[in-house]
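Visitor: Sequence:
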Amino acid sequence: MKKEMEEIPDELNPDLMLNTIASELLIKIAKGEIDIQKLVRKQLSDRGIDDQRSWIGPDKARKYWEKYKMPV
Numbered sequence: 001m002k003k004e005m006e007e008i009p010d011e012l013n014p015d016l017m018l019n020t021i022a023s024e025l026l027i028k029i030a031k032g033e034i035d036i037q038k039l040v041r042k043q044l045s046d047r048g049i050d051d052q053r054s055w056i057g058p059d060k061a062r063k064y065w066e067k068y069k070m071p072v
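Its first residue numbered 1, the sequence shown is counted upward by one per residue in full-length UniProt numbering.
If you're looking for bench data, these hints aren't it; they were derived computationally from the structure. Watch out, some of these pointers could steer you wrong.
Said to hold, decoys possible - With a straight-line cut-off of 30 Å between C-alpha atoms, the simulated DSS-like cross-links for lysine-lysine are:
(1) Lys28 to Lys63
(2) Lys42 to Lys67
(3) Lys42 to Lys31
(4) Lys67 to Lys38
Whenever a hint applies, use it, and build me the whole structure from the sequences.
Guide: Have a look at this one:
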């Protein structure tokens, strides 16, 4: 059997990342009622990391992730 992609751990597999989210929330995300990118930027800011997973602290991380805001 031919492998289509190299095996990756489940926690890093984007195809599996939404499996545990309630359907009600997924529907709201799909309809644009929840800004998932905003929530992810907040989570990364709260963790205090940049896109290299380097610790920069929450304040710097908030400023760092602001540049990825999409125009409304």
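Visitor: Would you mind marking each hint as holding or not holding in the structure?
Guide: We went through each hint and held it up to the structure:
For the hint linking Lys28 to Lys63, the alpha-carbon distance of about 27 Å falls within 30 Å, and the restraint holds. Restraint check: the Cα-Cα separation between Lys42 and Lys67 comes to about 13 Å, which is no more than 30 Å; the hinted pair holds. Of the supplied pair hints, the one linking Lys42 and Lys31 holds, its CA atoms being roughly 20 Å apart against a limit of 30 Å. Distance hint between Lys67 and Lys38 is fulfilled; the C-alpha atoms sit about 12 Å from each other, no more than 30 Å.
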